[in-house]
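Chain by chain, the residues:
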Amino acid sequence: MAVKIFIATDRLDSVLEKLSTKIDLWIPALLKDDKSGPTGFVPYEPGKAVAFDRQTTMSLKKVLLPQVETLLRFEYRKEPEGAINSTLAVEDRREARPTLVFGARPCDVRALTTLDRVFSNGPYVDPYYTERRKNTLFATLVCRQTDAKCFCSSVGGGPADMEGSHLRIVRTDDGYIVEALTKEAQSLLDNLGDAPDASREKQAAEIVEEVSRRRVGDLDTEGSAEAFRKRFEQTDYWVQMVSQCLSCGVCTYVCPTCYCFSITDEAENLKGERLRSWDSCMFYHYTLEASGHNPRPTKLERYRNRVGHKFSYIPERYEGLLGCCGCGRCIRSCPVSIDIRQVVGHLKENTNE
Amino acid sequence: MNNNPYLPELATIQEIITETGNIRTLRITLNDKDRMERFTFRPGQVGQISVFGTGESTFVINSPPTRKDYLQFSVMKAGEVTSRIHQLNAGDQVGLRAPLGNGFGFDEMKGHDILFVGGGIGMAPLRTLLLYMIDNRADYGDITVIYGARSPKDMCYTYEFEEWRAGGVNLILTVDAEFPGWKERVGFVPTVLSEVAPSPNNRIAVVCGPPIMIKFVLFGLTELGFEDQQIITTLEKRMKCGIGICGRCNAGSKYVCLDGPVFSYDQIRAMGGEL
Numbered sequence: 001m002a003v004k005i006f007i008a009t010d011r012l013d014s015v016l017e018k019l020s021t022k023i024d025l026w027i028p029a030l031l032k033d034d035k036s037g038p039t040g041f042v043p044y045e046p047g048k049a050v051a052f053d054r055q056t057t058m059s060l061k062k063v064l065l066p067q068v069e070t071l072l073r074f075e076y077r078k079e080p081e082g083a084i085n086s087t088l089a090v091e092d093r094r095e096a097r098p099t100l101v102f103g104a105r106p107c108d109v110r111a112l113t114t115l116d117r118v119f120s121n122g123p124y125v126d127p128y129y130t131e132r133r134k135n136t137l138f139a140t141l142v143c144r145q146t147d148a149k150c151f152c153s154s155v156g157g158g159p160a161d162m163e164g165s166h167l168r169i170v171r172t173d174d175g176y177i178v179e180a181l182t183k184e185a186q187s188l189l190d191n192l193g194d195a196p197d198a199s200r201e202k203q204a205a206e207i208v209e210e211v212s213r214r215r216v217g218d219l220d221t222e223g224s225a226e227a228f229r230k231r232f233e234q235t236d237y238w239v240q241m242v243s244q245c246l247s248c249g250v251c252t253y254v255c256p257t258c259y260c261f262s263i264t265d266e267a268e269n270l271k272g273e274r275l276r277s278w279d280s281c282m283f284y285h286y287t288l289e290a291s292g293h294n295p296r297p298t299k300l301e302r303y304r305n306r307v308g309h310k311f312s313y314i315p316e317r318y319e320g321l322l323g324c325c326g327c328g329r330c331i332r333s334c335p336v337s338i339d340i341r342q343v344v345g346h347l348k349e350n351t352n353e
Numbered sequence: 001m002n003n004n005p006y007l008p009e010l011a012t013i014q015e016i017i018t019e020t021g022n023i024r025t026l027r028i029t030l031n032d033k034d035r036m037e038r039f040t041f042r043p044g045q046v047g048q049i050s051v052f053g054t055g056e057s058t059f060v061i062n063s064p065p066t067r068k069d070y071l072q073f074s075v076m077k078a079g080e081v082t083s084r085i086h087q088l089n090a091g092d093q094v095g096l097r098a099p100l101g102n103g104f105g106f107d108e109m110k111g112h113d114i115l116f117v118g119g120g121i122g123m124a125p126l127r128t129l130l131l132y133m134i135d136n137r138a139d140y141g142d143i144t145v146i147y148g149a150r151s152p153k154d155m156c157y158t159y160e161f162e163e164w165r166a167g168g169v170n171l172i173l174t175v176d177a178e179f180p181g182w183k184e185r186v187g188f189v190p191t192v193l194s195e196v197a198p199s200p201n202n203r204i205a206v207v208c209g210p211p212i213m214i215k216f217v218l219f220g221l222t223e224l225g226f227e228d229q230q231i232i233t234t235l236e237k238r239m240k241c242g243i244g245i246c247g248r249c250n251a252g253s254k255y256v257c258l259d260g261p262v263f264s265y266d267q268i269r270a271m272g273g274e275l
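The listed protein sequences derive, respectively, from chains A and B.
Residue numbering for the first sequence follows my numbering, starting at 1 and increasing by one per position.
Residue numbering for the second sequence follows my numbering, starting at 1 and increasing by one per position.
Hints in this document: simulated from the structure, not taken from any laboratory.
We treat Cβ as the ideally placed atom computed from N, Cα and C, and that holds for glycine.
Treat each hint with caution, since some may be false.
[Claimed, not checked] Partial list, computed: chain B residues near chain A (C-beta under 10 Å):
no., residue
1, N3
2, N31
3, V51
4, A90
5, G91
6, D92
7, G95
8, P210
9, P211
10, E236
11, G244
12, C246
13, G247
14, Y255
15, E274
With the sequences and hints as input, model every part of the structure.
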């Protein structure tokens, strides 16, 4: 079984096409016909160009947690006689096919440690996420396109971090070296290409070594959970940090660790589906109760909750785990330039003021 | 429960009781008879009732685990799902995910005097524990209940009051204003609480009602000398999954659906203000 192959740049599409016959394949690609437009992960189609030049606008969470998915299907059947007015059938059929995400970034894969803890490690196990997760492999790029918004090294990751990945992709001058990091990934590389020659292998090793040494971001998250608790009731702090927030929710939409969801029923006549969809704690309706009471009535409480969830509540609940992977997408996408690094970074400053 | 925590069990409404103008009580049984027989829960645990096509909402199981002919839920008409539930009839099918949440620490309360303070629909979560205690009466000391509602018409479980009294409960009823034919107390619950002034010695107070009532009752209990850890209440939040995953019902790092809905006052103080 192949452990490492070289793919020349101009052969990438034919290799991906071959790979897509072995496994359901997702790649980063343009989401619109616009070279500077948003990118995200999409199911591979022959001829579809891989967007490897920058981090995708959208994270890969939708591969494991689709934006909308069916949890249950139900149907009532009217019973004209007897004590029971209708019978009800409910089914939760689901399918998780073997899947490979080709071209993930280390930050996106690290984000899954948060999702895994929430969805798969109890006390209740979410079978939809968990089954998909077990069937999904990640071929991850050694990331050389970090920018000023990235801070993966501040939250436990790094641009060459391969934790949770099954294959490593190193982009060299004239192609890609793809290396299987786990046994299950090896057979995927069979018949896809030849082993790299010595000079290319040397170049790849140098790249990995150089990128591994990079420290991306300088946010200090040590003690942020406690600092957050101290800041919790300091309204002035939150006003100062987030008064410009528009409650648009884009930060939660692009975030690879934002997983909060809603459950709604869609039905016509006697038949329908129970759906799960992404939701956002930035929205007023998220916590609005039927009585009219809302425990987080303004954007200050809502933004505070987002920061708290990632840097205080998740660490408290889950043995110090952070709810942030440092991808920087919320910073890049925010229309009013709110920078979570500043909000978290300043938590510890002059807390006694 | 089955291995998919989102999949409700099918259940049938056996009986519906109209409690007040906007509160109805459902008595339901699981369609799977074996499951119904084996079904166990702690007083204070909740269930998610599904009306498929409309949605799912969380309600406390207000019958006690000592009485298993049916599972009882009281539903106040407030939003979409509760309005739909109010249209249902005996014989209708619903889904149920239960038991969920933590429940009351009824074992730790053994040997103590108990004070229940309930307002309106807030009597529902207290009822399960109250009946459990009546069914295990020797395990508990004095049981005093202060139950208030806007008017006698807004009071739930009125048809059971004699049974509660016969079960050794000191039941004190109050309504907000004079009402023709009303012979019990008149006054807001916190006022009646200070008049009755139960001793905090060796006593646990269990409080549930509208937020404004809870606020003043907590204040009143503290005045009477109750310590924070002697005061137990149940919280409500908008919920979806009910199993601590969807992220919606948090107060600080706690999920009301999973870690609650029952909390002591000292736990609530530690959660921060988003209640």
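Here is what the structure says about each hint:
1. N3: Holds, because the Cβ-Cβ distance from N3 (chain B) to chain A comes to roughly 7 Å (cut-off 10 Å).
2. N31: Result: holds, 9 Å to nearest chain A Cβ.
3. V51: Where the cut-off is 10 Å and the nearest Cβ of chain A is about 8 Å from V51 (chain B), the hint holds.
4. A90: A90 (chain B) check passes; min Cβ-Cβ to chain A is 8 Å, inside 10 Å.
5. G91: 5 Å, holds
6. D92: 5 Å, holds
7. G95: 7 Å, holds
8. P210: For P210 (chain B), the interface hint holds, since the closest Cβ of chain A sits about 8 Å away, which is under 10 Å.
9. P211: This interface hint holds because 7 Å falls under the 10 Å limit.
10. E236: Holds, about 7 Å.
11. G244: 6 Å, holds
12. C246: 5 Å, holds
13. G247: OK, holds: G247 (chain B) within 10 Å of chain A, min 3 Å.
14. Y255: Constraint on Y255 (chain B) satisfied, holds at 9 Å.
15. E274: 4 Å, holds
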